[in-house]
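2 protein chains.
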Amino acid sequence: MTTLNHQFRLARRPVGLPQRSDFDYAATPLQAPAEGKVQVQVAYVSIDPAMRGWVSDSEDLYDVPMAIGDVMRAVAVGRVTASAHPRFAVGDSVAGILGVEEYTIVPGDNLRKIDPALAPLPAFLNALGMPGITAYFGLLEAGQPQAGETVVVSGAAGAVGSLVGQIAKIKGARVIGIAGGADKCRMLTEELGFDAAIDYKREDVAAALRQHAPKGVDVFFDNVGGAVLDAVLLRLAVGARIVICGAISQYNNVGAMTGPANYLQLVVKRATMRGILVRDFAPRALEAATVMGGWLASGQLKAREDVVVGLEHFPETFQRLFDGSHNGKLMLQVAP
Amino acid sequence: MTTLNHQFRLARRPVGLPQRSDFDYAATPLQAPAEGKVQVQVAYVSIDPAMRGWVSDSEDLYDVPMAIGDVMRAVAVGRVTASAHPRFAVGDSVAGILGVEEYTIVPGDNLRKIDPALAPLPAFLNALGMPGITAYFGLLEAGQPQAGETVVVSGAAGAVGSLVGQIAKIKGARVIGIAGGADKCRMLTEELGFDAAIDYKREDVAAALRQHAPKGVDVFFDNVGGAVLDAVLLRLAVGARIVICGAISQYNNVGAMTGPANYLQLVVKRATMRGILVRDFAPRALEAATVMGGWLASGQLKAREDVVVGLEHFPETFQRLFDGSHNGKLMLQVAP
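Just so you know, the sequences run in chain order A and B.
Take 1 as the starting number for the first sequence in the numbering used here and just add one per residue.
Take 1001 as the starting number for the second sequence in the numbering used here and just add one per residue.
No lab work stands behind these hints: they were computed from the structure.
Just to be clear, a hint being listed does not mean it is correct.
[Stated by the list, open to error] Distance ranges between label pairs, derived from CB positions:
{"id": "1", "chain 1": "B", "residue 1": "Asp1323", "chain 2": "A", "residue 2": "Asp63", "range": "42 to 48 angstroms"}
{"id": "2", "chain 1": "B", "residue 1": "Pro1107", "chain 2": "A", "residue 2": "Ala282", "range": "55 to 61 angstroms"}
{"id": "3", "chain 1": "B", "residue 1": "Asp1109", "chain 2": "A", "residue 2": "Gly239", "range": "24 to 30 angstroms"}
{"id": "4", "chain 1": "B", "residue 1": "Gly1239", "chain 2": "A", "residue 2": "Asp115", "range": "30 to 36 angstroms"}
{"id": "5", "chain 1": "A", "residue 1": "Lys215", "chain 2": "B", "residue 2": "Val1238", "range": "32 to 38 angstroms"}
{"id": "6", "chain 1": "A", "residue 1": "Lys215", "chain 2": "B", "residue 2": "Asn1110", "range": "24 to 30 angstroms"}
{"id": "7", "chain 1": "A", "residue 1": "Glu316", "chain 2": "B", "residue 2": "Ala1237", "range": "35 to 41 angstroms"}
{"id": "8", "chain 1": "B", "residue 1": "Gln1211", "chain 2": "A", "residue 2": "Arg186", "range": "53 to 59 angstroms"}
{"id": "9", "chain 1": "B", "residue 1": "Leu1140", "chain 2": "A", "residue 2": "Ala297", "range": "45 to 51 angstroms"}
{"id": "10", "chain 1": "A", "residue 1": "Val307", "chain 2": "B", "residue 2": "Val1238", "range": "34 to 40 angstroms"}
{"id": "11", "chain 1": "A", "residue 1": "Asp204", "chain 2": "B", "residue 2": "Gly1016", "range": "27 to 33 angstroms"}
{"id": "12", "chain 1": "A", "residue 1": "Ala11", "chain 2": "B", "residue 2": "Val1238", "range": "30 to 36 angstroms"}
{"id": "13", "chain 1": "B", "residue 1": "Arg1279", "chain 2": "A", "residue 2": "Glu316", "range": "51 to 57 angstroms"}
Note that the structure is predicted; figures quoted are calculated from it, not measured.
In this text, a Cβ means the ideal position worked out from N, Cα and C, and glycines have one as well.
Bound conformation, chain A alone:
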């Protein structure tokens, strides 16, 4: 009996928002792993902004772009179903860069084992995975929030943003989240302990910042870019630190990117804007996971996952990353 491996392959490079027609849904016979490789049954696939870069052919990316015909690349967790690598055995839980498919065969050296006793598998794509490492080191190392300072985070209801705000609260800062929609804003203040939330879809962000951050913004952790970044630039405190984590508002631009027109406020306020990339913090991942795992266990930190069930829903789920409809870390459940 041949097992078929269903998968999404890149059919063409998306122009603007990715469409279902940009992908082929295919099925190929499942192979055994060659020497040094491991066959992993994919359990959960993380739906990340980085994927938008992988399917484009820009030369200015952090990662090698995918080729047409490649299985869609994805950060994922799963279980080993066959192993030709000495470090991995059938049944091990693992995390790594796998594919949007039922099974991925991958060099064992590119996988890391995870301990499912510590937390459910989805947590390893969220607080104990890349979003957690990004939030933890991005905020604490690049943002350096001090107790009593005002921290603003955009994309605050997203995976990284919701963790950033909670870590800032744990460190004694006053925290304002910017998100789209009343439900998300309510979640930030009522469930996650943010001091204030600004609904950028309904509110004038500049006016709301004047109200909620009367002494200015000491740290801004930006996942969004565009008009939100420009509004915050006008409310910086002297010596402010802006951490640029991403710019979800800009990734599907067909035309030119929009830069922050108010960037000269960096001069006026002697402020710093620093870009961060999670891979720089990867060697210290265990440090973040240990601290964040403790906060999760004690209930100080709440991690939210928005799980869509079923591999076949990948294209619509990918679109949801950009339409603001998800609440917490967006992921796809491929196997239970």
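Chain A is fixed; fit chain B onto it per the hints.
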């Protein structure tokens, strides 16, 4: 006999490039200084980008804007001609914020004495003044160039830029200047010791950077903004530091400012963009002046001044700040 004090007053706020008609050329009887004040005969007036901010009514400035009818504010040096302040005597050489006029009466507490034995008066508006302090601390503290690194400076033939490049050379960096015009570029490489110069008016800056900075740009000291900043952003080395000192390309914009469209390269290259303001370094001015004075005396540092003679030429001289026709620190000689 009444001495008349000729002066330029702000008649209206310039729209775009400042015009002669934006100023009134007036003469008022010279007064004696009141208690605590000093009467200074203005010798040299510094023509600075900051003046463009002072005559606008933007709320986002470092300084209080001038009111209509005010004497044009200027950083200047001069000699005390009458004193009602215990620290100053007739004949003292002084520096401070004075006016574009023949005599300014100013609180003595706002003046500092300068030693004309150290250097000619114009030097105190250049290497031993604000441009020198800006270049010295902006480059060394915010830019942190290391020996062997590649440093790029825009506005490289200007007051601050020409000092930045020379200081970077003294510190062992490879230095590329960006300036407008073949004469300026020749001056940078042949007189000031820059390793390379890029003429942004004739050359494709991105292509020239690929040639002159094959390993990327470690430090970028930006006085210009606009397209030049965007071009350098695409050539950053990992961990690059961008020092934002100003954006002369943007100050006369009637419409919106243009932000750096390529700012997400800060993420790709884990780079930092930091705004500096000379006033933060003012308490350490003596440190910079001492070191720079030594370099000037030994000939390691060359300071160039572009001196226009005659108070009446202020409006055209102010315009020259923006048309790129000056070579070195632009100033107006009001009295010999």
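Structure-based check of each hint:
1. B/Asp1323 to A/Asp63: 42 to 48 angstroms: holds (44 angstroms)
2. B/Pro1107 to A/Ala282: 55 to 61 angstroms: holds (57 angstroms)
3. B/Asp1109 to A/Gly239: 24 to 30 angstroms: Given about 27 angstroms between the Cβ atoms, the range holds.
4. B/Gly1239 to A/Asp115: 30 to 36 angstroms: holds (34 angstroms)
5. A/Lys215 to B/Val1238: 32 to 38 angstroms: holds (35 angstroms)
6. A/Lys215 to B/Asn1110: 24 to 30 angstroms: With a Cβ separation near 28 angstroms, A/Lys215 and B/Asn1110 satisfy 24 to 30 angstroms, so the hint holds.
7. A/Glu316 to B/Ala1237: 35 to 41 angstroms: At 40 angstroms between Cβs, range holds.
8. B/Gln1211 to A/Arg186: 53 to 59 angstroms: Holds - the Cβ-Cβ distance for B/Gln1211 and A/Arg186, about 55 angstroms, lies within 53 to 59 angstroms.
9. B/Leu1140 to A/Ala297: 45 to 51 angstroms: holds (46 angstroms)
10. A/Val307 to B/Val1238: 34 to 40 angstroms: holds (35 angstroms)
11. A/Asp204 to B/Gly1016: 27 to 33 angstroms: holds (29 angstroms)
12. A/Ala11 to B/Val1238: 30 to 36 angstroms: Distance hint for A/Ala11, B/Val1238 holds at roughly 34 angstroms.
13. B/Arg1279 to A/Glu316: 51 to 57 angstroms: holds (54 angstroms)
Checked against the numbered hints above, the structure violates none of them.
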